[in-house]
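Use these hints to put chain B onto chain A, whose structure you have.
Quick mapping for you: the protein sequence lines, in order, are chains A and B.
Numbers given in the working numbering equal positions in the first sequence, counted from 1, plus 34.
Numbers given in the working numbering equal positions in the second sequence, counted from 1, plus 34.
Certain hints may be false.
Any copy will do: because identical chains look the same in the list, a pair fits if it lies in one copy or spans two.
[Claimed, not checked] Below, simulated DMTMM-like cross-link-like pairs (lysine to aspartate or glutamate); rule was C-alpha separation at most 25 Å, straight line: (1) K50 - D121; (2) K277 - E79; (3) K205 - E159; (4) K39 - D214; (5) K198 - E102; (6) K129 - D153; (7) K50 - D249; (8) K50 - D187; (9) K50 - E159; (10) K39 - D153; (11) K205 - D275; (12) K169 - E120; (13) K50 - E120; (14) K208 - E180; (15) K129 - D104; (16) K183 - E102; (17) K169 - D239; (18) K198 - E67; (19) K65 - D104; (20) K39 - E248; (21) K65 - D153; (22) K205 - E79; (23) K208 - D104; (24) K169 - E116; (25) K198 - E159; (26) K169 - D121.
Treat the hints as calculated values from the structure; they're not laboratory data.
Number of protein chains: 2
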Amino acid sequence: MQNFKLTLSYDGSRYKGWQKQGNTPDTIQAKLETILSRMLSQDVEIHGSGRTDAGVHARAQVCSFRAETDMDIDIMLTSLREHLPEDIGAVSLVKADARFHARLSCREKSYVYRIWNSDAPNVFERRYMYRFPDKLDFSAMEKAAELLKGEHDFTAFSSHRGNKSPVRRLKTLKIERFGDEVRFTFTGDGFLYNMVRILTGTLLDVGTHRLSPEDIPTIFASRSRQNAGFTAPAQGLILWDVKY
Amino acid sequence: MQNFKLTLSYDGSRYKGWQKQGNTPDTIQAKLETILSRMLSQDVEIHGSGRTDAGVHARAQVCSFRAETDMDIDIMLTSLREHLPEDIGAVSLVKADARFHARLSCREKSYVYRIWNSDAPNVFERRYMYRFPDKLDFSAMEKAAELLKGEHDFTAFSSHRGNKSPVRRLKTLKIERFGDEVRFTFTGDGFLYNMVRILTGTLLDVGTHRLSPEDIPTIFASRSRQNAGFTAPAQGLILWDVKY
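The shape of chain A in the complex, shown without the other chains (with noise of 0.2 Å):
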């Protein structure tokens, strides 16, 4: 059996995200699998790094599989691109070791919450921002910025239920503004259940005020997600990376 490790960008937009559910075609993790096994005749099962909600979008997603094969990587990697859906983009392919697995050997992520902080329109990339008008403060999001890096109990910015643990190191987070853009760089080595989203919407409500940076450590402490900010929605994030 020869392990692969296959990249991927894709809009989101359409999909149910990326973990199949029962018959559902519409995840992209469905659709892969569809398309691989009727590719290589024989049942393909993939690992994703790790799921995308409904409508998050992916611009280096990674994922392995394995498959008993002799098929040329490069052709592989040519009729990949052929069946796939313009919505889903094969990015590389490559033979990996026998041990790498997308999810459990991944080090590192690294996710990108576009905003299009405008009362003008942008048509061409409405899809994959999130429209926010308000004015906001930048200076008071860098100050909660830097109290939500570092490693924390991340309960009250996720939904996250479960026996895991909500300990999680958030690396960096980055404020940055292109124009009208505002773009907030999550890097870490795990994010709980809408972690991202939550955090994103508690930036925003910092920088219109609704919250300040000082409420920034009672929310951790509380452990309630209902003290945190709102969860931005889906259409305005994008996996970003995945390191090994």
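Same frame as chain A, now just chain B:
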């Protein structure tokens, strides 16, 4: 009667072009006239700087219209933005001199044609570029561009039929590469029907050695459409700028 100058951006993907056609609501002009007429409670007739074909986009199309109204201009713009569909954006709206006419007063236009010159996918901009992965000879394309520039009878490079003069002045034709993207920018006092798309197809045919730069003068002289290159698809074309 007040005269207005409105600048629009639009994603042309789902429209049958700029110009209204009978009762089809799926043209930009028809959509706009319906919205403005309703907003201002009168029949509003809109003049664009020129038509764009089905599927062609605009970064800054300019149009003009007259209306009897004392509505505040900022409120008019906000209200227009609220009523427009998400693939048509009102960039700006200003009061114009009574003599201003978006088509008749137009002095210069720029079009950009975007080409995705790679086997790798570009899922996020797929609607706004033409995927053309063949290797391109830039030096040959530059030579052809030099010969295309200037004042010529562009009959061979258009699907134009009619009594209007086929002579146009192509002021600049810029070829640029940004990573895997190739961009042609055309500036001129006016363009014949399909001219930018046929010039683009001709440049690509030169880039792939189906035509040579030396063929350009012969194609001009022939005044025959069949001697020029193919008509590049609408989706890569963007009306970039209109000058008055």
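Starting from the hint list further up, note which numbers the structure goes against and sort them upward.
Violated hints (numbers, rising): 3, 5, 7, 8, 16, 18, 20, 22, 23 and 25; every other hint is consistent with the structure.
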